[in-house]
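**Q** Sequence:
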Amino acid sequence: MSRPWTALPEKFGSWKGVHNRLRNRAADGTWEKVFTTLLARADSDGDLNWVVAVDSTIVRAHQHAAEPSRAPGGQVI
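Counting from 1, one number per residue, gives the positions in the sequence shown under the working numbering.
Errors might be hidden in some of the hints.
[Claimed, not checked] Label-pair restraints from in silico Cβ distances:
#1 Ser56 with Ala27: 40 to 48 Å
#2 Ala65 with Ser14: 20 to 28 Å
#3 Ile58 with Lys16: 31 to 39 Å
#4 Gly46 with Ser14: 41 to 49 Å
#5 Asp45 with Pro68: 49 to 57 Å
#6 His62 with Thr37: 39 to 47 Å
#7 Trp31 with Thr57: 40 to 48 Å
#8 Ser44 with Ala65: 39 to 47 Å
#9 Glu10 with Ala65: 27 to 35 Å
#10 Ala7 with Asp45: 29 to 37 Å
#11 Ala66 with Lys33: 36 to 44 Å
Since the hints were made in silico from the structure, they are not lab data.
Just so it is clear, CB atoms sit at the ideal spot from N, CA and C, and this is done for glycine as well.
Work out the full structure: start from the sequences and follow the hints.
**A** Below, the structure is given as structure tokens:
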């Protein structure tokens, strides 16, 4: 369930300021550094199982992509 930025508790300050800091840290690579540091630490502690990999990438093809190519004159190549 997502919540609007305006629902952020006041103790964190202005929601716009929090949003800007989050966005700036994403742009300057801070979150990437945090992720790689935590990943390296988990790996060195033996907490990762590198045997399992899941990829859910889906690439849509054009509707005619699976049809055979035709040479001039209508013959299938």
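**Q** Each hint should be assessed against the structure and marked as holding or not.
**A** Hint-by-hint comparison with the structure:
Separation of serine 56 from alanine 27 is about 26 Å and departs from the stated range, judged on CB atoms against 40 to 48 Å. The hinted range of 20 to 28 Å is not satisfied by alanine 65 and serine 14, whose Cβ atoms lie roughly 49 Å apart. The supplied range of 31 to 39 Å is met by isoleucine 58 and lysine 16, whose beta-carbon atoms lie about 35 Å from each other. Checking the proposed 41 to 49 Å range against glycine 46 and serine 14 shows it holds: the Cβ atoms sit about 42 Å from each other.
Taken as a hint, the range 49 to 57 Å holds for the pair aspartate 45 and proline 68, whose Cβ atoms sit roughly 53 Å apart. At about 42 Å, the beta-carbon gap between histidine 62 and threonine 37 stays in the expected band of 39 to 47 Å. Between tryptophan 31 and threonine 57 the Cβ separation comes to about 21 Å, which falls outside the hinted range of 40 to 48 Å. Our hint of 39 to 47 Å for serine 44 and alanine 65 holds, since their Cβ atoms are close to 45 Å apart.
Glutamate 10 and alanine 65 have their C-beta atoms about 53 Å apart, which leaves the hinted 27 to 35 Å range violated. One distance hint, 29 to 37 Å for the beta-carbon pair alanine 7 and aspartate 45, holds here, with the actual separation near 36 Å. Under the hint 36 to 44 Å, the C-beta atoms of alanine 66 and lysine 33, about 43 Å apart, fit the expected range.
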